[in-house]
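Protein chains: 2
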Amino acid sequence: MGASKVEFYSPEIIEIANIAKVFSHPARVAIIKHISDQNTCICNDLVDEIGLAQPTISQHLDVINKAGLLKGDYKGISKCYCINKKGLQNAQALLSQFFQTATSKCC
Amino acid sequence: MGASKVEFYSPEIIEIANIAKVFSHPARVAIIKHISDQNTCICNDLVDEIGLAQPTISQHLDVINKAGLLKGDYKGISKCYCINKKGLQNAQALLSQFFQTATSKCC
DNA sequence: TAGTAATATTGCAATATTACGATATAATGT
DNA sequence: ACATTATATCGTAATATTGCAATATTACTA
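The listed protein sequences derive, respectively, from chains A and B. Going letter by letter, the first sequence gives residues 1 to 107 in this note's numbering. Going letter by letter, the second sequence gives residues 1 to 107 in this note's numbering.
Please keep in mind that the hints were generated in silico from the structure rather than gathered at the bench. Hints should not be assumed to be uniformly reliable.
Any copy will do: because identical chains look the same in the list, a pair fits if it lies in one copy or spans two.
What the hints assert, rightly or not - Below, in silico cross-link-like pairs of lysine-lysine (DSS-like), each with a Cα-Cα straight-line distance of 27 Å or less: (1) Lys85 - Lys105; (2) Lys105 - Lys71; (3) Lys21 - Lys71; (4) Lys105 - Lys66; (5) Lys21 - Lys105.
Build the full structure now, drawing on both the sequences and the hints.
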């Protein structure tokens, strides 16, 4: 991020930024889109689909997961990732509330 | 961004990521929030409000502006930034459409 | 025209992110 | 137990972002 001064912002603002950061890389948008399209997913699928190496996909999945947007269950060897609907809805609510307020107040 | 492979993604996905990137830093969220709260704004205000140096604020404003989220008019010496309501609504629409599709399809 | 104030640009240092090869871990099948 | 397969972690190189001091630019004013 560069020399960061994140500590000065309100929790609400930091939360918005953190959510947006998840979607700020096309690989993660593509991953979320692909998983939700499939309803369920295996990581190896993603490697073929997205065109990035397996560790890179794993890393992106971790970011998405830490934001609370994934549910992962092991089914045999492969890990089945699903979108955490509640998490995604929560993210949507936070962003749309921010947008709502901003657009209603602006000139 | 690190070694980047942005070229492989669909225009829709890249657009989502680009919009999200604007909101992915708390300073920019705070700037957008402050400007919309005030309806109109002078950059020097932001320096006091956000607690970053003037060049840094100017840089962030440029990012927000290039995403089409600002309207700037010179009124005297100071530049009056307003939120571009259409741009913000467009951003909101794109994101909420993505969320809508994702949540409706996921398990 | 010189001085002042507001904003933009430049250059650079500090930090964060991204990508991937190598390797570790975990579960399954033989 | 050993090989195989799927995923995670580690280490590191390449790149991007952030922040600011110094400086330039622009508009106003005396």
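Structure-based check of all given hints:
1. Lys85 - Lys105: between (30 Å within a copy, 9 Å between copies)
2. Lys105 - Lys71: Classified as between; 15 Å across copies, 37 Å inside a copy.
3. Lys21 - Lys71: Both ways: lysine 21 and lysine 71 sit 19 Å apart in one copy and 24 Å across, limit 27 Å.
4. Lys105 - Lys66: Only across copies: lysine 105 and lysine 66 sit 21 Å apart there, 32 Å inside one copy, limit 27 Å.
5. Lys21 - Lys105: So lysine 21 and lysine 105 pass the 27 Å test inside a copy (24 Å) and across (22 Å) alike.
Of the hints listed earlier, there is not a single one the structure fails to meet.
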